[in-house]
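Number of protein chains: 2
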Amino acid sequence: MKPIRIGLLGCGTVGGGVVKLLRRHAAMLSARLGTRLELAGVADRSLTPDRALGLTSDLITRDAAALVARPDIDVVVELFGGIEPARSLILKAFETGKDVVTANKALLSQHGDRIFKAAARRGRFIGLEASVGGGVPIIRTLREALVGDRQRAVYGIVNGTCNYILSTMAESGADFADVLAHAQRSGLAEADPTLDIDGHDAAHKLSLLVTLAFGVLLKPNQVHTEGISRITLQDIAYAREFGFTVKLLAIAKNEDGTIEARVHPTMVPSRHPLASVSGAYNAIYIQGEALGSTMYLGLGAGEMPTATAVVADIVEIARMRLAGATEASDHALGYPYSALKAARIKPMERVACQYYLRFMAEDKPGVLGRIASVLGRYRISIASMIQQERAPQVPVVMRTHEAREHDLMVALTEIRRRKFVTAAPVFIRIEEQL
Amino acid sequence: MKPIRIGLLGCGTVGGGVVKLLRRHAAMLSARLGTRLELAGVADRSLTPDRALGLTSDLITRDAAALVARPDIDVVVELFGGIEPARSLILKAFETGKDVVTANKALLSQHGDRIFKAAARRGRFIGLEASVGGGVPIIRTLREALVGDRQRAVYGIVNGTCNYILSTMAESGADFADVLAHAQRSGLAEADPTLDIDGHDAAHKLSLLVTLAFGVLLKPNQVHTEGISRITLQDIAYAREFGFTVKLLAIAKNEDGTIEARVHPTMVPSRHPLASVSGAYNAIYIQGEALGSTMYLGLGAGEMPTATAVVADIVEIARMRLAGATEASDHALGYPYSALKAARIKPMERVACQYYLRFMAEDKPGVLGRIASVLGRYRISIASMIQQERAPQVPVVMRTHEAREHDLMVALTEIRRRKFVTAAPVFIRIEEQL
Chain A
37 MKPIRIGLLG CGTVGGGVVK LLRRHAAMLS ARLGTRLELA GVADRSLTPD RALGLTSDLI
97 TRDAAALVAR PDIDVVVELF GGIEPARSLI LKAFETGKDV VTANKALLSQ HGDRIFKAAA
157 RRGRFIGLEA SVGGGVPIIR TLREALVGDR QRAVYGIVNG TCNYILSTMA ESGADFADVL
217 AHAQRSGLAE ADPTLDIDGH DAAHKLSLLV TLAFGVLLKP NQVHTEGISR ITLQDIAYAR
277 EFGFTVKLLA IAKNEDGTIE ARVHPTMVPS RHPLASVSGA YNAIYIQGEA LGSTMYLGLG
337 AGEMPTATAV VADIVEIARM RLAGATEASD HALGYPYSAL KAARIKPMER VACQYYLRFM
397 AEDKPGVLGR IASVLGRYRI SIASMIQQER APQVPVVMRT HEAREHDLMV ALTEIRRRKF
457 VTAAPVFIRI EEQL
Chain B
37 MKPIRIGLLG CGTVGGGVVK LLRRHAAMLS ARLGTRLELA GVADRSLTPD RALGLTSDLI
97 TRDAAALVAR PDIDVVVELF GGIEPARSLI LKAFETGKDV VTANKALLSQ HGDRIFKAAA
157 RRGRFIGLEA SVGGGVPIIR TLREALVGDR QRAVYGIVNG TCNYILSTMA ESGADFADVL
217 AHAQRSGLAE ADPTLDIDGH DAAHKLSLLV TLAFGVLLKP NQVHTEGISR ITLQDIAYAR
277 EFGFTVKLLA IAKNEDGTIE ARVHPTMVPS RHPLASVSGA YNAIYIQGEA LGSTMYLGLG
337 AGEMPTATAV VADIVEIARM RLAGATEASD HALGYPYSAL KAARIKPMER VACQYYLRFM
397 AEDKPGVLGR IASVLGRYRI SIASMIQQER APQVPVVMRT HEAREHDLMV ALTEIRRRKF
457 VTAAPVFIRI EEQL
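So the sequence lines, in the order shown, correspond to chains A and B.
Every letter in the first sequence is one number past the one before it in the numbering used here, and letter 137, counting from 1, is 173.
Every letter in the second sequence is one number past the one before it in the numbering used here, and letter 424, counting from 1, is 460.
Simulated from the structure, these hints should not be mistaken for lab results.
Accuracy of the hints is not assured; some may be wrong.
Which copy is meant is left open, so a pair is good if it fits within one copy or across any two.
Below, simulated DSBU-like cross-link-like pairs (lysine-lysine); rule was C-alpha separation at most 30 Å, straight line [as the list claims (entries may be wrong)]: (1) Lys377 to Lys400; (2) Lys255 to Lys128; (3) Lys153 to Lys382; (4) Lys38 to Lys400; (5) Lys455 to Lys153; (6) Lys128 to Lys455; (7) Lys377 to Lys56; (8) Lys38 to Lys377; (9) Lys38 to Lys455; (10) Lys255 to Lys153; (11) Lys255 to Lys377; (12) Lys377 to Lys128; (13) Lys382 to Lys128; (14) Lys38 to Lys255; (15) Lys455 to Lys56; (16) Lys38 to Lys56; (17) Lys382 to Lys455; (18) Lys455 to Lys400.
All values reported here derive from a predicted model rather than from experimental measurement.
Let the sequences and hints guide you as you build the complete structure.
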């Protein structure tokens, strides 16, 4: 049978992993498919031939556009990252009859409309497993395994850097800055870690998960996004006293078609499976109407986990082509692109949560009462408290019953203005019923 | 577009769930596929019409063979269970151009050869997601997501009844017989629970997982199988002291093409994600060469979880047909059936494990030394011990370093013969490096 021929755009960490897997497992992949997966060309600005990887000089080019246009190529694997030229090259690939595999979550979440529409119009497929969760097969699980169920909620630990930092803080007692510095030295965090620690990478991924889980379109800027840099050891310790673990969660809920989508530090019960996901692991926990809860756990990034996801998409495309499919069914997002509508968003002010609160206050009689009375005025009731030893300034630490985000923000602003409060109040949202 | 028409064989618990899902989510499924999934007929001996479910009398028949032969049907969903007539009906379905979905793990694991061969010969697909792990999408994950990696090991909690019994024993302190009786009353265990608690159901599932993970064929009777009925509260408590939790694990390892496959009570580190899988949940933990460890968690049985898996397979078949695939690619097991070879099995005697051991012995000086010296003679060294208070009969409890199964069995037989030993020694295998 004719081999399936691959054009690779970008041969950095993940691209190198793809080349290794295709080479190392060539016999297994041929046995699985009944034909070979053949690397037909690699576009990369700085790649040099590598005999061990089978990267001969005739395979390497700097002209990505020419590679994409080649008629002998079946699948284009886009691993350049960034918006351009990735977007144009992907569109070009569809125009010339190729299917595409990409790990480019920034591109897909921000500019997916043109790409998915073009794929549908040309009857081509776009595999995006590698864009969320690295080696955790969450895209195809939502698109295929959970296809007959209605999802209620998605809770994802989808940023390995943040999870590494938070779980290391909790385990080692080192503070945020120290753990971040260590993560940067050991390659677990970028030199500029902003996209990760501010939650934006997780928001990109959540917007894709929302589409796959709920069948609606959502832009990352519609996700309420907070990062982890304000998380202190003190709050992690209080969380533990309350029986909680702090995680950066990407949360999406669907309530009769209205979508709640937010990324922020979250306290989850320490006995919940998500709480024990540590280090650079990712996990996605899904609540379905019929299926109940399922969870998917694995390494969320790195050369080989991400490369495994890319190869899975290549194999899927190969199988469709080998089965004689005249065009790919338009299901990269679980629905035909034309069936997707813009999400109806629940504004953050209307979201209801339980909260962990910490106030730093002068140790005077009546302080707690005055805090509680402001909270009460805004319909926020206290579920439990941690009493502190006496000192000139004491932390007043509590968890609340469910309250409206809007009410909480107004109450905190009001409390902050009081003279006996010596620092900005700290709040962390709690998800207990997951 | 033409609807995809389904013939359902068996409308018990899972079949009823399938009918409900197809009806409840008809609009969503149509939006996903661009065409309807239509229930064309139901074969069941005792079904009566049910308007709420849309089961009108013209849909219901007792003649399963006639239903399977109908030319207007695209997909046959076999939920009769058992060997016959399920097997003949599935073969008939392939002959007449249908694809098949089944949850029948007993049939597939024991008589899969004829079925998979027939599917391949006729270019038809057989979806078996529902046969292992209920709502946990482990079949398609192995078949698709992990397709570019080589799996090293599979550790599965794949029998919900056993997991419920063991985790309830550990949490409530009730003994095996009481928890089993309670599980039977509440429908979590069958009236005749033998297939579950003796480990045979797990062995059926493991034989399918071995094929999907390692690309080799294995019969359930090639799986070393032990059940959970000998697990006592005492051993669960000692396990906890050693930092372990007792689970019925289905374990398969691939060492350069030699397969180790066994189902037995196993101690796993209490901090491992598998240890926290409680109640009727299932989880499959997979170690891949490139991907590292991933875990898949969810409800392993029941009406709706299993029905969700069935519908996922129906949708997959529908997508293949709608994409114009002339025949299904032969990948139900991750490989074309013809590429699968019989597994080369590592005999249980040659398997090496760590062991938990408990001896009941008279409390005399030198007893421990005499036990240790027999163990030592068979190259079994003690890693740690739990000292007991003095009593006429004392438990001598220890964990060993890695030892050969054969050596352990001979040593235990020899120790049993000693006069100071008052009961058959207890052993439970430990998996620590997972």
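Hint check:
{"no.": "1", "hint": "Lys377 to Lys400", "result": "neither (55 Å within a copy, 78 Å between copies)"}
{"no.": "2", "hint": "Lys255 to Lys128", "result": "within (24 Å within a copy, 49 Å between copies)"}
{"no.": "3", "hint": "Lys153 to Lys382", "result": "within (26 Å within a copy, 52 Å between copies)"}
{"no.": "4", "hint": "Lys38 to Lys400", "result": "neither (81 Å within a copy, 76 Å between copies)"}
{"no.": "5", "hint": "Lys455 to Lys153", "result": "neither (57 Å within a copy, 80 Å between copies)"}
{"no.": "6", "hint": "Lys128 to Lys455", "result": "neither (63 Å within a copy, 82 Å between copies)"}
{"no.": "7", "hint": "Lys377 to Lys56", "result": "between (40 Å within a copy, 26 Å between copies)"}
{"no.": "8", "hint": "Lys38 to Lys377", "result": "between (39 Å within a copy, 25 Å between copies)"}
{"no.": "9", "hint": "Lys38 to Lys455", "result": "neither (77 Å within a copy, 72 Å between copies)"}
{"no.": "10", "hint": "Lys255 to Lys153", "result": "within (16 Å within a copy, 47 Å between copies)"}
{"no.": "11", "hint": "Lys255 to Lys377", "result": "within (12 Å within a copy, 48 Å between copies)"}
{"no.": "12", "hint": "Lys377 to Lys128", "result": "within (26 Å within a copy, 42 Å between copies)"}
{"no.": "13", "hint": "Lys382 to Lys128", "result": "neither (37 Å within a copy, 52 Å between copies)"}
{"no.": "14", "hint": "Lys38 to Lys255", "result": "neither (40 Å within a copy, 34 Å between copies)"}
{"no.": "15", "hint": "Lys455 to Lys56", "result": "neither (63 Å within a copy, 61 Å between copies)"}
{"no.": "16", "hint": "Lys38 to Lys56", "result": "within (22 Å within a copy, 43 Å between copies)"}
{"no.": "17", "hint": "Lys382 to Lys455", "result": "neither (35 Å within a copy, 74 Å between copies)"}
{"no.": "18", "hint": "Lys455 to Lys400", "result": "within (11 Å within a copy, 73 Å between copies)"}
In summary, the numbered hints that this structure violates are 1, 4, 5, 6, 9, 13, 14, 15 and 17.
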